[in-house]
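A.B. asks: As a plain string of letters, each chain reads:
There are 2 protein chains.
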Amino acid sequence: MNGADALCETLLAGGIDVCFANPGTSEMHFVAALDRQPRMRCVLGLFEGVVTGMADGYARMAERPAATLLHLGPGLANGLANLHNARRARSPMVNVVGDHATYHRAHDAPLHSDIESLARPMSHWIGWAETPDSVSQTAADAIAAARTPPGRIATLVLPADAAWGETAAPLAAAPPPAAAPAVGREAIAAAAQALRGKGALLLLGGAVLRGPALDCAGRIAAATGARLMAQQSNARIERGAGRVPVSRVPYVVEHALAALAGVGTLILVGAKAPVAFFAYPGKPGTLAPPEARILTLAEPGEDGAGALAALAEELGVAAGLDPGRAGLARPAPPTGALTPEAVALAVAALMPEHAVICDESVSSGRDFFRHTATAPPHDFLQITGGAIGCGPPLATGAAIACPGRKVIALQADGSALYTAQALWTQARESLDVTTIIFSNRRYAILYGELKNVGAGDPGRNARRMLDLDDPPIGWVRLAEGFGVPATRVEDADALVRALAAALAGRGPHLIEAVL
Amino acid sequence: MNGADALCETLLAGGIDVCFANPGTSEMHFVAALDRQPRMRCVLGLFEGVVTGMADGYARMAERPAATLLHLGPGLANGLANLHNARRARSPMVNVVGDHATYHRAHDAPLHSDIESLARPMSHWIGWAETPDSVSQTAADAIAAARTPPGRIATLVLPADAAWGETAAPLAAAPPPAAAPAVGREAIAAAAQALRGKGALLLLGGAVLRGPALDCAGRIAAATGARLMAQQSNARIERGAGRVPVSRVPYVVEHALAALAGVGTLILVGAKAPVAFFAYPGKPGTLAPPEARILTLAEPGEDGAGALAALAEELGVAAGLDPGRAGLARPAPPTGALTPEAVALAVAALMPEHAVICDESVSSGRDFFRHTATAPPHDFLQITGGAIGCGPPLATGAAIACPGRKVIALQADGSALYTAQALWTQARESLDVTTIIFSNRRYAILYGELKNVGAGDPGRNARRMLDLDDPPIGWVRLAEGFGVPATRVEDADALVRALAAALAGRGPHLIEAVL
Chain A
43 MNGADALCET
53 LLAGGIDVCF
63 ANPGTSEMHF
73 VAALDRQPRM
83 RCVLGLFEGV
93 VTGMADGYAR
103 MAERPAATLL
113 HLGPGLANGL
123 ANLHNARRAR
133 SPMVNVVGDH
143 ATYHRAHDAP
153 LHSDIESLAR
163 PMSHWIGWAE
173 TPDSVSQTAA
183 DAIAAARTPP
193 GRIATLVLPA
203 DAAWGETAAP
213 LAAAPPPAAA
223 PAVGREAIAA
233 AAQALRGKGA
243 LLLLGGAVLR
253 GPALDCAGRI
263 AAATGARLMA
273 QQSNARIERG
283 AGRVPVSRVP
293 YVVEHALAAL
303 AGVGTLILVG
313 AKAPVAFFAY
323 PGKPGTLAPP
333 EARILTLAEP
343 GEDGAGALAA
353 LAEELGVAAG
363 LDPGRAGLAR
373 PAPPTGALTP
383 EAVALAVAAL
393 MPEHAVICDE
403 SVSSGRDFFR
413 HTATAPPHDF
423 LQITGGAIGC
433 GPPLATGAAI
443 ACPGRKVIAL
453 QADGSALYTA
463 QALWTQARES
473 LDVTTIIFSN
483 RRYAILYGEL
493 KNVGAGDPGR
503 NARRMLDLDD
513 PPIGWVRLAE
523 GFGVPATRVE
533 DADALVRALA
543 AALAGRGPHL
553 IEAVL
Chain B
43 MNGADALCET
53 LLAGGIDVCF
63 ANPGTSEMHF
73 VAALDRQPRM
83 RCVLGLFEGV
93 VTGMADGYAR
103 MAERPAATLL
113 HLGPGLANGL
123 ANLHNARRAR
133 SPMVNVVGDH
143 ATYHRAHDAP
153 LHSDIESLAR
163 PMSHWIGWAE
173 TPDSVSQTAA
183 DAIAAARTPP
193 GRIATLVLPA
203 DAAWGETAAP
213 LAAAPPPAAA
223 PAVGREAIAA
233 AAQALRGKGA
243 LLLLGGAVLR
253 GPALDCAGRI
263 AAATGARLMA
273 QQSNARIERG
283 AGRVPVSRVP
293 YVVEHALAAL
303 AGVGTLILVG
313 AKAPVAFFAY
323 PGKPGTLAPP
333 EARILTLAEP
343 GEDGAGALAA
353 LAEELGVAAG
363 LDPGRAGLAR
373 PAPPTGALTP
383 EAVALAVAAL
393 MPEHAVICDE
403 SVSSGRDFFR
413 HTATAPPHDF
423 LQITGGAIGC
433 GPPLATGAAI
443 ACPGRKVIAL
453 QADGSALYTA
463 QALWTQARES
473 LDVTTIIFSN
483 RRYAILYGEL
493 KNVGAGDPGR
503 NARRMLDLDD
513 PPIGWVRLAE
523 GFGVPATRVE
533 DADALVRALA
543 AALAGRGPHL
553 IEAVL
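If you read the sequences in order, they're chains A and B.
Just so it is clear: in the first sequence, position 187 is 229 by this note's numbering, and no numbers are missing.
Just so it is clear: in the second sequence, position 210 is 252 by this note's numbering, and no numbers are missing.
Next comes chain A alone, as it looks inside the complex (with noise of 0.2 Å):
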């Protein structure tokens, strides 16, 4: 075999069975030994943007690595914005970077560029399988350094002359998934005392947004009072009916500062201390009340459901405790104008259980969140690190994950311009999404942020910066041409037909809610 094979077989025997790819000429040899491997399923993203998307929505409700496929240091560019965003979401990831041939770096051929210098920023761990015999320990390094807890990224660098040598060397396992380690007794007896006080926050993070461990956060919250929290940004958060709601960390600062004002110790289990999303002139960019104390009950990486378990121990909470877990209340229909909030409803009084909720919607969904609260149990995914176009591939990859649920994509239309193509992978693969545009025809969100700097009325240069309706842009027409049926409505009763009609059926479908 050669090296290419190497890597194929060690990322299959690794539990690595989905790629997301765009490859190019020096990842040929690669594309030929996966064509030899039919048990890897390779999904197509028409940019690599999309393809490191799709990877990110996967992981997130798959709960473990796809491979991405990506041609040079530009494409690995391309991918490095939604990247970003898995990094942030804490996405298990094994990147594939083709590279030229060893000996061809030395010549700064046109594709030629510094691949460590692109991949660090976005890369918890980045290797180099310089020669067809280290293909399979690099690739077996890099499946482990991917399933570290909480999961990370790994980029491993593929020259081109590594994949096409031929190797004799034995194959190398990735080691079994790695347990997160246990939170220390002193961390749980500090969390312990907190909660006997008064004024104590969890504010999750992670895993511990889902399962037991959201249950047990719940129990400990109704015996001891405090309050519950997620992180203003989650990577997937179980929700709705059956489960403990939570609230998040408001994006705008003075709704943050009001959200956790009285706040007397910050409990981080799994999350980071909430900071600003940006720096506004006379705003704090730490979001806690000042004289507020922190206390990190469990660091991302570690076992955040375990020390929730102890805790509720320690405290002596019972295990038959009602942790408070929402009832099913669906609004009804909206009917009208067509608002935000209406699509908000809309979704509330029509999404299927166990719907995943792909959410890009930036200003236009603040709304959802609390219409949902006791919606059909539901699995709620958020763009994470703030890097935009992050939305129709993060669906198209949950989709791949879970082919016996609804996904659906609540969608700003900025937003979504900077991956579009997803479209057409749900089109090829007849993947069960359903897109909902919030065509406001504008950057919305920067509207409020230019009005906050006090730059007072928009003018021309302004307008030709942040307007998106000049000429609109035909989401039905742009949909189609990617071979997804789409609908255009202009008030909320047609978005109710409309959606009730793609919720119905399967496959994709996007709907333009002209707001």
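Be a bit skeptical, because a hint or two may be false.
If several chains are the same, the list does not tell them apart, and a pair holds so long as it fits within one copy or across any two.
[Said to hold, decoys possible] Dumping the calculated SDA-like pairs for lysine to any residue here, alpha-carbon to alpha-carbon at most 25 Å:
| # | residue 1 | residue 2 |
| --- | --- | --- |
| 1 | K240 | D512 |
| 2 | K493 | T381 |
| 3 | K493 | T144 |
| 4 | K448 | G267 |
| 5 | K325 | R147 |
| 6 | K493 | M43 |
| 7 | K493 | P514 |
| 8 | K493 | R81 |
| 9 | K325 | G207 |
| 10 | K314 | R530 |
| 11 | K314 | P163 |
| 12 | K314 | L337 |
| 13 | K325 | A210 |
| 14 | K240 | A391 |
| 15 | K314 | A231 |
| 16 | K314 | T381 |
| 17 | K325 | M43 |
| 18 | K325 | D150 |
| 19 | K493 | P365 |
Since the hints were derived computationally from the structure, they do not count as laboratory data.
Just so it is clear, the structure is predicted and the values come from calculations on it, not from any experiment.
Let chain A serve as the given structure and place chain B on it in line with the hints.
C.D. replies: The following block gives chain B in isolation, referenced to the frame of chain A:
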């Protein structure tokens, strides 16, 4: 004024009056400052790869830098692939990358990343405007860096607090554009000596592919019997009737070896010694015959035009000697089947004088060059760095630079899908661009490369990564979704009609040529 105002003033004083932009919150003070400066033309790209690609196309035609405005590390990352192409094209450019306020960086807010590591591989110069008082001088330095011959990528990081803070520091002025340094006498004498012998080839790159320099190269070749050739990838060539025709080093290794066979001395004039675009098992990486001597007459940053003039004088070449300019001869418009060659013939038959041809046709466009040697005079711009997705924004930026000229984009379908959003900017700015999509519904070049690696007939996984036919892209709908009228043609006669109509009108148009 604040730091953002100082930046605007310094850019304008330095002759930069076009800003290609996709701003975010951290850039709002700069947006507000641009809004106070109607002399600055702000052009929105829906994605940063469009933004940097437009600035590249603009610089190639305007021969001066534009500014770009990019949002933090991820916004820069999205623009890197086309910065890579621009760097290879030696296009001058000043990128303004907004950053968090200096004191906010320590908080590792969601959009924080290592901007320096991201910027370094594609930037010749990086500067940090860390305080309001230092913004103007840093901007002046950036302009000077960008204008350094032959053209450089300058990246200026602008923290939000440097933008919003007040400054009374005097405005700095960029020095006037520096002349390219003259070539030493030894290099001219050595080249002259080589040209007095046999088997010399002048390999041209950069500005000597235009104007009097190209004429001069033609006279030297005519007087000495030397051959003329351009690099494989070139930022801009003046060609067609009235210009000295130059062939290019072929892309395919075997063709390049054949084209360069028999060369005794390769004389580089603003060019690099030719290397293979990719490495292949058993094929050489350098393309000149191993026994050929390689002389450098002028480095890319040196005064190649002056060097050629001095060389002509040294050789006693008569100023009135016929440099071998091409005559005007158009082919008949093609009829019958629609092939890549038919597209080339149709463009050659119909293109107006002084068109700007932007070529990212990849494998489909290889017939174009020879069929247009005697077409009306035109500029020919290519993808230079191999990072696909260059073409649509390149054409857009070129059209901004040349409002009176018809821009014709020859565009491979797979590559166009990287940055199709540029069509929207063409519609918004009413740019006179006719785009012809070579719609072969596959990454055709990769089929050839897969065959080259001996992979046999492609199977399911290879086809899933190389084909774009399931579903086919609906280019007419896609273009219309972006506000650009479009036509689909399936035979040469229909192409000729559609192209004639598009060229007769003004404004953007897209033709899907189904191959």
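A.B. asks: Going through the numbered hints above, which ones does this structure break? Give me the numbers in ascending order.
C.D. replies: 1, 4, 10, 14, 16, 19
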